[in-house]
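*Asks:* Chains as they are written, first to last, in the numbering used here: chain F, 1 to 304; chain Y, 1 to 110.
No lab work stands behind these hints, which were simulated from the structure alone.
Everything numeric in this text was worked out from a predicted model, so none of it was measured.
Errors might be hidden in some of the hints.
To be verified - In silico SDA-like cross-links for lysine to any residue, where the CA-CA straight-line distance does not exceed 20 Å:
| hint | chain 1 | residue 1 | chain 2 | residue 2 |
| --- | --- | --- | --- | --- |
| 1 | F | LYS169 | F | GLN180 |
| 2 | F | LYS61 | Y | GLN30 |
| 3 | F | LYS70 | Y | LEU25 |
As the list claims (entries may be wrong) - So the derived list for chain F, only partly shown, Cβ under 7 Å to chain Y, looks like this:
| hint | residue |
| --- | --- |
| 4 | SER5 |
| 5 | PHE6 |
| 6 | PHE10 |
| 7 | GLY12 |
| 8 | GLU66 |
| 9 | HIS72 |
| 10 | CYS79 |
Even for Gly, the Cβ is constructed at its ideal location relative to N, Cα and C.
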Amino acid sequence: MNPESFVQGFLGFFKVTSLLLIILEISLLIEEFFKNRIEFRKGFTGTKSSIAKTLQRHALKVLRMEGDLKAHFGTALGCTFIFLTAGLLPVWSNEIVLHAPHSLWVFLGMSMIGPTLALIFQWTQKSGSGWPFVLSHAERSIGSATVLFILGIALVAMTGSDSFSEIQKSQEAGGGLVFQYPLSIILMFALVVINLFLSFQTMFSKSDTEVKHHGWTLDDLIPHLRRTIWSLFIVDTFLGGAHGVMGNGLLILKCVILNVSSEVLSCLFVRLREDQAESFILWKLTPISILILTLSLFLPSGCT
Amino acid sequence: MVYIFGYILACFVTVVGLCYALASLYSKSQLQPKLRIKKKPPSLSSRVIISFSVILPFSALSFVFMNFTAMKMAQSLAREGHIEFVLASLIIPSVCFLLGYLYFKRVVRL
Numbered sequence: 001m002n003p004e005s006f007v008q009g010f011l012g013f014f015k016v017t018s019l020l021l022i023i024l025e026i027s028l029l030i031e032e033f034f035k036n037r038i039e040f041r042k043g044f045t046g047t048k049s050s051i052a053k054t055l056q057r058h059a060l061k062v063l064r065m066e067g068d069l070k071a072h073f074g075t076a077l078g079c080t081f082i083f084l085t086a087g088l089l090p091v092w093s094n095e096i097v098l099h100a101p102h103s104l105w106v107f108l109g110m111s112m113i114g115p116t117l118a119l120i121f122q123w124t125q126k127s128g129s130g131w132p133f134v135l136s137h138a139e140r141s142i143g144s145a146t147v148l149f150i151l152g153i154a155l156v157a158m159t160g161s162d163s164f165s166e167i168q169k170s171q172e173a174g175g176g177l178v179f180q181y182p183l184s185i186i187l188m189f190a191l192v193v194i195n196l197f198l199s200f201q202t203m204f205s206k207s208d209t210e211v212k213h214h215g216w217t218l219d220d221l222i223p224h225l226r227r228t229i230w231s232l233f234i235v236d237t238f239l240g241g242a243h244g245v246m247g248n249g250l251l252i253l254k255c256v257i258l259n260v261s262s263e264v265l266s267c268l269f270v271r272l273r274e275d276q277a278e279s280f281i282l283w284k285l286t287p288i289s290i291l292i293l294t295l296s297l298f299l300p301s302g303c304t
Numbered sequence: 001m002v003y004i005f006g007y008i009l010a011c012f013v014t015v016v017g018l019c020y021a022l023a024s025l026y027s028k029s030q031l032q033p034k035l036r037i038k039k040k041p042p043s044l045s046s047r048v049i050i051s052f053s054v055i056l057p058f059s060a061l062s063f064v065f066m067n068f069t070a071m072k073m074a075q076s077l078a079r080e081g082h083i084e085f086v087l088a089s090l091i092i093p094s095v096c097f098l099l100g101y102l103y104f105k106r107v108v109r110l
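All chains, full assembly: derive it from the sequences and hints.
*Replies:* Right, here's the structure in full:
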């Protein structure tokens, strides 16, 4: 056993976590600020909030965490899977903490299987009972798998590589993927929609409050964490990651802009019912993603 | 392997430690409500769960593995212009997966 590797792995987790938490908190603060403004314009009468007040509210919320030790172990297992997925992505200064061959497919596969494993885990632990939000998560991750893999194939067909290190190298040489392959903007947009669908945001959100346990636990943060990981994935793959001068600052800025803009812009759409959201992803986004794949194979900007 | 073990252990220890510390702090504070009726999770429909936990993960896994093996070669073949191969690797797993998914939807509606 090499203790040096162990320590490096131990520290690697904090590198990934620190970046994700910074992006997550800044995004949430700005989103809530804009959402309040939108509500005011609609005629909502409430107290005017500021970023400082929202930060204070978030800190108080964290201090009101509930749950027993068994529940914390369950949360830790779920979080471990999520952070393992996040470790595959380039983080600070484009450093990849967890190297894996075909890391793009490993990332997509883990993103899809994670919620399903959480459902099976809860099902076995609570002997047949479970919170419906866990079921919804699993349902959505499985339901969006077809689109996700078609988009993945389109990305591989476009770039000719299926690992983040190779995509990163090609971006360092020729700029962000959106500049190298203008068609990838559509691909990026489709992945943003999938991200909103998987993280239950805005038009894909569920209005039912009875689908989760009472009180605040770290489980409530998981959809936002997943959304942040997806934003990081999109920025690393399409927008150059932490490349160039002030790379780390730009990486955070790009992720925050992507998170906030997708969230705030999609507020303009009406909320979809669960069946409408699923049919939108399956029957509308699937043909679009196949079209993107076909175009990426036939147009000269593609690798073929 | 040791590296990944360090990564997983760091995650596990941090999450459990942080959650336990914050939850104990809250349970001992005066902020906590005096009486809290703890709700139990509802019993989910067994049929939905059985079909979901058995059929869908397996169809999803077959989809993932078929893609993994296909992608191992498609990466170089796509560059060389073997579009048929890429399309086959797209269509076959998609059909397998959609069969599983549509079966699940049918079971749920019954």
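*Asks:* Against the earlier hints, flag every one the structure doesn't satisfy and list their numbers going up.
*Replies:* none
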